[in-house]
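Undergrad: Sequence:
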Amino acid sequence: MPFRSLLAATVLMLPLTAVAESPNIVPGQWQFTSTTSVEGDMPIPDQTESHQECIVQGDLDDADFQFLEVEEGCELLEHNVSADGVDYKMVCHADGGQADIDGRMDFLGERVEGSVNIQTDSPMGEMTMNTTIEGERLGDC
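Under mature numbering (1 follows the signal peptide of the UniProt record, and there is no 0), residues -20 to -1, 1 to 121 are what the sequence shown spells out, in order.
Be aware that one or more of the hints could be misleading.
With beta-carbon atoms standing in for the labels, derived distance ranges [said to hold, decoys possible]:
no., residue 1, residue 2, range
1, Q9, D41, 15 to 23 Å
2, V71, E29, 22 to 30 Å
3, G89, N60, 16 to 24 Å
4, H31, P103, 27 to 35 Å
5, R84, G119, 33 to 41 Å
6, D64, T28, 22 to 30 Å
7, T108, L56, 14 to 22 Å
8, G53, V6, 29 to 37 Å
9, R84, H31, 18 to 26 Å
The calculated EDC-like cross-link candidates involving lysine to aspartate or glutamate, where the alpha carbons are at most 16 Å apart (straight line), are [what the hints assert, rightly or not]:
no., residue 1, residue 2
10, K69, E55
11, K69, D82
12, K69, D80
13, K69, E51
14, K69, E58
The hints are simulated quantities; they were obtained by calculation from the structure and are not laboratory data.
No residue lacks a Cβ here, since even glycine has one placed at the ideal position from N, Cα and C.
Generate coordinates for the entire structure from the input sequences, incorporating the hints supplied.
TA: This is the structure we're talking about:
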């Protein structure tokens, strides 16, 4: 899963032009790992995904580079963006259910850390999904 897709999992479309400066992310080869745990009526084992990607300065400076992607049926309630990170709250409606989403991603130069917490209420019952996201720069591409 590419860097943009991983962060898209944290929802919303937020062009980098909303930030006065480039994000505090050092270009290079990066390793990203996300772990999702699910709490609810159905036992679901934790899921961990990992991948590597080369990020170049041009990606970070590109006005079309987006950290998050708009999902149909979702409404942004709050968002704050800076060179050091992004945090937001959303609500999504689909198939007779609702998901309340809180997300945060910190840009720490050669590391990124974040979390996405999703509370769902659907005809199948309530469920909580917690995802932690970690990334680290491995070196040059």
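Undergrad: If a hint holds in the structure, say so; if it does not, say that too.
TA: Now the hints, each set against the structure:
no., hint, verdict
1, Q9 to D41: 15 to 23 Å, "holds (18 Å)"
2, V71 to E29: 22 to 30 Å, "holds (25 Å)"
3, G89 to N60: 16 to 24 Å, "holds (19 Å)"
4, H31 to P103: 27 to 35 Å, "holds (34 Å)"
5, R84 to G119: 33 to 41 Å, "violated (27 Å)"
6, D64 to T28: 22 to 30 Å, "holds (26 Å)"
7, T108 to L56: 14 to 22 Å, "holds (21 Å)"
8, G53 to V6: 29 to 37 Å, "holds (36 Å)"
9, R84 to H31: 18 to 26 Å, "holds (21 Å)"
10, K69 to E55, "holds (9 Å)"
11, K69 to D82, "holds (5 Å)"
12, K69 to D80, "holds (8 Å)"
13, K69 to E51, "holds (13 Å)"
14, K69 to E58, "holds (5 Å)"
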